Amino acid sequence: MEAKTFRQWIGRIYATEPVEIDCDEAQMRLPAYVDNELQGGELDTAVDTHLHQCPDCLETYEGLRYVARLEQQGTLAETDGKTEEVTAVAGS
Amino acid sequence: MGSRTNDEWLHQLGNQGPQQQAALHELREYLFRAVFLYMRDQRSDLTHLSPDTLRSMADDFAQEALVAIRANLHQFRGDAKFTTWAYRFVINAAAGELRRRHYRGQLSWENLSEQERDAILSTNQVKGLDPDLAIERRELLQLLLHIIQTELNEQQRQAILLVHFAGYSMQEVASQLGTSTNTLYKILFDARKKLKAHLLAHHLSGGDILALFEVWL
Ligand SMILES: [Zn+2]
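Chains A and B are the protein sequences, given in the same order.
Per my numbering, residue 1 is the first one in the first sequence, and the count goes up by one each step.
Per my numbering, residue 1 is the first one in the second sequence, and the count goes up by one each step.
If you are wondering where the hints come from, they were derived from the structure by calculation, not from laboratory data.
Just so it is clear, the structure is predicted and the values come from calculations on it, not from any experiment.
We put the CB at the ideal spot given by N, CA and C, even for glycine.
A couple of the hints might just be wrong.
Claimed, not checked - Distance condition first, Cα-Cα at most 25 Å in a straight line; then the derived SDA-like pairs of lysine to any residue:
1) B:K196 - B:R157
2) A:K4 - B:R99
3) B:K186 - A:G11
4) B:K194 - A:I10
5) B:K186 - A:L43
Unchecked claim - Chain A is faced by these chain B residues, among others (derived, beta-carbon under 8 Å):
6) F189
7) R192
8) G206
Please model the complete structure; the sequences and the hints are all you need to start from.
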């Protein structure tokens, strides 16, 4: 096993909480979690824990955060997908 | 964008008429743009695809998400912006389909014990390590292996091997185990709880273990 994999595995074991929310519940809470993050609000620690443990929900979260941030910046509305003048927004 | 409030979205999408048509049309546009930009900017695995291909995929995902959103409108709790809630459907449509496309075929857990042994004990292979440290590391890895092989059931061992060690997606492994990602999460959760409890019973903290494995070549 590579160092990164081993360290992540040990990290996941010790980050285990007595109670954790499952994927369905994490998915339900993700939109509010992302909106909250973009507004600088306090984060839902149960979702944090789940994202640390679940690669699939993490993927959803990263994608959702990206498009929600574009919308917040007003960049999403300018896109029609038909031209290539849309500029990618850095970050995330 | 954002010209509608959450209540307006719900009201217009939920009631038949010209307003509904307009809202559906606009929502579909938003979904299309969101998933198009997601695939174009965030998916390094799709950079080889032409804009036309991405547009066509985005169109399919937007349509699929729109259907799912209409079927799940009653689940919207109003705790997020309606559009953020809606984008989750289209991101999941894309991410889920891309994970299916990346299936690496039949996952194997034949010789489960050997695979675990190889994965874990290979972690210690550093040349020129202080002999005492090398022994300590070896003992810790043997302990981890022992806990896995004596305290976890076969399903938990398979899940750890494939998700934690081999880095497969939850979706991929759940499908191989013939279960849902939700159940797979629970399997891994139970496995982690056991591992943590046994390591703590040996008075080992996460910091202790990571410190032992700081040196890595
Ligand atoms: Zn999950």
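Index of numbered hints that the structure contradicts, given in increasing order: Violated: none.
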